[in-house]
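*Asks:* These protein sequence lines are chains A and B, in that order. The opening residue of the first sequence carries number 1 in my numbering; numbering runs sequentially from there. The opening residue of the second sequence carries number 1 in my numbering; numbering runs sequentially from there.
FYI, nobody ran anything at the bench for these hints, they're computed from the structure. Given the structure is predicted, the values throughout are model-derived calculations rather than measurements. C-beta: ideal position from N, C-alpha, C; glycine also. Any given hint might turn out to be false.
[As the list claims (entries may be wrong)] In the DSBU-like style, the derived pairs of lysine-lysine whose C-alpha atoms are separated by at most 30 angstroms in a straight line are: (1) A:K100 <-> A:K58; (2) A:K100 <-> B:K71; (3) B:K62 <-> A:K100; (4) A:K69 <-> A:K49; (5) A:K58 <-> B:K44.
[To be verified] Label pairs and their computed distance ranges (CB to CB): (6) A:D54 <-> B:V83: 46 to 52 angstroms; (7) A:S84 <-> B:Q81: 42 to 48 angstroms; (8) B:I55 <-> A:Q45: 33 to 39 angstroms; (9) A:P55 <-> B:G73: 39 to 45 angstroms.
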Amino acid sequence: AQSVSQHNHHVILSEAASLELGCNYSYGGTVNLFWYVQYPGQHLQLLLKYFSGDPLVKGIKGFEAEFIKSKFSFNLRKPSVQWSDTAEYFCAVNAAGNEKLTFGTGTRLTIIP
Amino acid sequence: NAGVMQNPRHLVRRRGQEARLRCSPMKGHSHVYWYRQLPEEGLKFMVYLQKENIIDESGMPKERFSAEFPKEGPSILRIQQVVRGDSAAYFCASSLPTRAPYEQYFGPGTRLTVT
């Protein structure tokens with residue numbers, strides 16, 4: 001069975017700091033990878049996704065993620081965070097051909113103005 | 001274009017009662033997924049439905065839980081004889097019936113509290 005690990009449970013940064021949130025998965029086959037964000041009081045929104053092709057994917061709001069197959073990782077990055085990035089971030093994976101998503105436990109990001 | 005709608009947003013039930021959670025997918029979406037989030041945990045897949053069909057129910061508890069997505073109307077997640085351990089946030093997602101892999105759009109969730 002596949003699993004997803006997000007090692008950082010709570011990250012606190014100052015505005016303009018750079019961000020990297022870790023995501024590792026365990027599954028031996030072909031996968032699709034996702035990052036979702038949940039802003040306070042709102043529903044989950046898709047930040048970015050990787051299906052195939054260029055392993056560096058760019059999403060909304062200046063976020064990007066890099067798929068490193070050899071490390072089973074899909075870390076989320078942003079060069080300069082803003083206070084409005086305060087939210088909970090979830091990494092998710094599904095096996096190719098299987099639509100059910102497996103989520104990590106989430107990382108709560110707090111940006112200090 | 002309205003997003004995925006879920007109601008109620010909050011539901012309180014006493015032990016032994018039934019809980020019915022509703023999900024209306026986005027317009028044109030015919031695939032629906034249900035996930036459950038227990039406190040301090042990530043979302044866990046429960047069931048994947050297409051209109052009038054259950055495609056994958058591998059995450060559904062064997063007893064008391066059922067789901068349907070009829071030809072007309074919303075998808076329903078039904079929990080019979082609720083217990084305290086059913087207290088959680090239940091999220092619905094929907095996707096278009098286009099070429100896989102499908103991008104899932106999530107609703108705001110229903111927070112179930114069992115007293």
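*Asks:* Next step is simple, just say for each hint if it's right about the structure.
*Replies:* Now for the hints, and whether the structure bears them out:
1. Restraint check for K100 of chain A and K58 of chain A: satisfied, since their Cα atoms lie roughly 23 angstroms apart, inside the 30 angstroms limit.
2. For the suggested pair K100 of chain A and K71 of chain B, the alpha carbons sit about 22 angstroms apart, so the restraint of at most 30 angstroms is met.
3. The suggested pairing of K62 of chain B with K100 of chain A holds, with an alpha-carbon distance near 18 angstroms, which does not exceed 30 angstroms.
4. For the proposed pair K69 of chain A and K49 of chain A, the alpha carbon gap of about 15 angstroms is at most 30 angstroms, so the pair holds.
5. The straight-line distance between the Cα atoms of K58 of chain A and K44 of chain B is roughly 26 angstroms, inside the 30 angstroms bound, and the hint therefore holds.
6. The hinted window of 46 to 52 angstroms between D54 of chain A and V83 of chain B holds, with their beta carbons roughly 47 angstroms apart.
7. Taken as a hint, the range 42 to 48 angstroms holds for the pair S84 of chain A and Q81 of chain B, whose Cβ atoms sit roughly 43 angstroms apart.
8. Hint check: I55 of chain B to Q45 of chain A, Cβ distance near 24 angstroms, so the stated range 33 to 39 angstroms is violated.
9. Between P55 of chain A and G73 of chain B the beta carbon distance is about 42 angstroms. The supplied range of 39 to 45 angstroms therefore holds.
Of the hints listed earlier, the one the structure fails to meet is number 8.
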